[in-house]
Amino acid sequence: MTGIHPPGGPIARRTVLKAGAAGGLGLAALADLAACGNSDGGSSSKSLKMLYFGEQAAATQLQNRLQPQISKLDSTIKFEISAINGTDWNDFLAKVLTQIAAGTPPDIISVATEGLQLMASKELAVPLDDYVTKDLSALKEYFADIHPALIESMMYQGHLWELPDSFNAGNMFYSTELFQRAGVVPPSEGWTIDDFESAATKIAKFKGINAFGWVVRLWGSWTSFMYANNANLLEEGKYDGGDWLWNKAYAGDPAAAGRKGGWKWGAPTANSEGTVEALNYMIELTKKGLSPSPDVGGGGTLQGLFASNRIGMSIGGGFWAGGLTNAGMKNGSFDVQLFPKWKSQRHLFGAGGYAIFKSSKKKDLAWEVLKLLVKPDTFDLVFPGNVTTPGRKSLVTAARYAKTGPKHWSVFYDTLTKHPETAPIPAPPYYNALATALNQRTTQAISSGNAKAALDGLQSDLEKAAGAS
Amino acid sequence: MSAAAAEVPAAIAKRRRHPSSHREAPFGFAMIGLSCLFVAVFTAIPIVASLGLSFFSWDVISSPQFVGVENYQRLFTDGPVLKSFGVTLGMALAIVVLQLTLGLALAVLVNQRKLVWIRTIFRTAFYLPLLASTAAVSIFMGYLFDYKFGVVNYYLGLLGIPNVPWLTSGLGAAATIVLIAVWQQVGFTFVLFVASLMSVPTDVLEAAQIDGAGPLRTLFRIKVPLISPTILFAAVVALINAMQLFDQPYIMTKGGPGSATTTVTISMYQKGFQNLQFGYGSAIAIVLLAAILIITGLQFLAARKLVFYQ
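Chains as they are written, first to last, in the UniProt record's numbering: chain A, 1 to 469; chain B, 1 to 310.
These are calculated hints, taken from the structure and not from any lab test.
It is possible that part of the hints are untrue.
Stated by the list, open to error - List of simulated lysine-lysine pairs, DSS-like, C-alpha gap at most 25 Å:
hint, chain 1, residue 1, chain 2, residue 2
1, A, Lys375, A, Lys248
2, A, Lys371, A, Lys248
3, A, Lys95, A, Lys464
4, A, Lys264, A, Lys418
5, B, Lys83, A, Lys202
6, B, Lys83, A, Lys287
7, A, Lys452, B, Lys83
8, A, Lys407, A, Lys341
9, A, Lys358, A, Lys78
10, A, Lys72, A, Lys371
11, B, Lys83, A, Lys207
12, A, Lys375, A, Lys363
13, A, Lys343, A, Lys264
14, B, Lys148, A, Lys205
15, B, Lys83, A, Lys288
16, A, Lys330, A, Lys407
17, A, Lys260, A, Lys248
18, A, Lys72, A, Lys95
19, A, Lys46, A, Lys363
20, B, Lys83, A, Lys464
21, A, Lys452, A, Lys464
Chain A with its partners taken away, still in its complex shape (with noise of 0.2 Å):
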């Protein structure tokens, strides 16, 4: 449990009903809210309830699609999906968090590395080791499908959380015409930084284009920078245990060798050498002219800009293909290369997957769908158009590309396979406060051209929101 303590200590949530009845109805109010976010809320005996993030529209659909499914699990229970609209998942937690406290949790979340430790360290969500346990020669097909790095990036103090169903790495988009135009060689698997500098210097030439597009964001911002820069924003480490999993589900494969139970962030080093390093580096893009000052948030309108050919290259994962074609972008007009190497050739990701709400009351019929919802023939409803990358192996295939582009899709599971270097973003149970910080820091170093500066307020930034978690 975390939070700030009062020197007395805890007290009861009772004693806090009566200091609020003494202070006026509403604190009562209040903390009665709280309470319903302990309690067991979860759905009506007849509805299995989960959130999602998007469109209420799209939450809809894919109910209606899922419904028949969950029929054959339970004729009696009705299926629904509450969509969560936000910017990025910094919103959509806190819309999420909130949800809780106005006492309607659901009974599955869908939940992107971004909230994992948050969610976990809350305890808001059961663990599925003992499920998965039970159910593991079902589930040996998903595992021998699912790279071990996403199940590892669900994992949290030696426990699975969450059921990965789909992941994005960071890897670089860019426009054929705009590479073509400017007489730039499409990049190989193994370009270097120097070659992304030439290619971007070359397309800045064109009046009305920047080279390169990035947006404020924890998740393929200059983050990606960072990482191939081998700094980060937290000290790394891993939790022990996991072996209960490793040893069934993954015995003998060389790719869940080292892995434990999860990723351990640790103190902050936001101004390490090497991520001031990194941030210099994008404030000197800038200060080029081979990109323009960012904007915080999710990215759609860079993908808008992308596609209207005003932006050369731009950080994106599978789900930019999608994203690319929605905005009227033709296959072939775009395509994707593995990040460029510096220091190294480390990627950055980040999962979405699904866990099971503790104050469910139907958490063994929650398990089912879980099961059903990482299916093969399951992404497809719960992901029409590539908006996202497939985290089985299996579909990420030419077929699904064929429409949408881009050429050199194997990039995405490659970022896993052929760089097991590659990890998820740091994302810690205080996801909120880092974000938050980082987005502010972020656009001071780039409008104060001191990134050093910046990196040193982040750093107490975070050392304040780590101490207070």
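Fit chain B to the supplied structure of chain A, relying on the hints for placement.
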């Protein structure tokens, strides 16, 4: 007391006792009660709840922990939050001064138009931005003022002016947000001033004219003092609104670059809803409320010397 005068209270008393008055009373109380209920539910209780919550540490998920005045102690030593108070005050003062000056100037100019339909068109035109959703306006303005792809910089570029970092430099972002807030709010002040200027007695204006006062002298010596109660009202309302500035900076800059446009309400939102420190967020809200009350009180104190009541 005359007989006629004595009859009046008797008539009032009779009317009070009239059965229809008894029937109307519950309806009247229901109407007032409804308003009271809304104020209680949406204003009074949340304020009391926030005050109570500010003495707790609460992350929404776990049980609240009583921490006494710890949140307040933390606030007064929290550099970024204190800075957000400074940012808010600076932006609020700029907004109020610009809004009043511009509103008054526009009102005076429009009032000089003799044709009623011209005045109506201007009144509508200046008031329209106020009716637009602030969130929608902010998104739209974000695109307009984008450094590289914005329409504003595009047209400036046609004139040979290099791109202006409207939203990507500290001063630029603060100034742009202030201007947008003023543009959206000035219609309210303008309408107030137009109405107030129209109520200035014409005999006073004619007397000033006979005494040889020019238009500027008439404005500053006659009209402004006579409409000073309206100016005070507009200033108080504008300042209260500006101190709660949130939508424009949150949508357009997320409080950046750095913390250049992080207002108190953004700090409060970040601490409460993003960092899950609802107790601390509530403490910030209470201090903001106190700051607004103090500043408004100071305005009324100043008004004793500056405002002229007829």
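How the hints compare with the structure:
| no. | hint | result |
| --- | --- | --- |
| 1 | A:Lys375 <-> A:Lys248 | holds, 20 Å |
| 2 | A:Lys371 <-> A:Lys248 | holds, 18 Å |
| 3 | A:Lys95 <-> A:Lys464 | holds, 23 Å |
| 4 | A:Lys264 <-> A:Lys418 | holds, 23 Å |
| 5 | B:Lys83 <-> A:Lys202 | violated, 42 Å |
| 6 | B:Lys83 <-> A:Lys287 | violated, 28 Å |
| 7 | A:Lys452 <-> B:Lys83 | holds, 21 Å |
| 8 | A:Lys407 <-> A:Lys341 | holds, 21 Å |
| 9 | A:Lys358 <-> A:Lys78 | holds, 20 Å |
| 10 | A:Lys72 <-> A:Lys371 | holds, 13 Å |
| 11 | B:Lys83 <-> A:Lys207 | violated, 40 Å |
| 12 | A:Lys375 <-> A:Lys363 | holds, 19 Å |
| 13 | A:Lys343 <-> A:Lys264 | holds, 23 Å |
| 14 | B:Lys148 <-> A:Lys205 | holds, 15 Å |
| 15 | B:Lys83 <-> A:Lys288 | violated, 32 Å |
| 16 | A:Lys330 <-> A:Lys407 | holds, 12 Å |
| 17 | A:Lys260 <-> A:Lys248 | holds, 13 Å |
| 18 | A:Lys72 <-> A:Lys95 | violated, 32 Å |
| 19 | A:Lys46 <-> A:Lys363 | holds, 14 Å |
| 20 | B:Lys83 <-> A:Lys464 | holds, 17 Å |
| 21 | A:Lys452 <-> A:Lys464 | holds, 18 Å |
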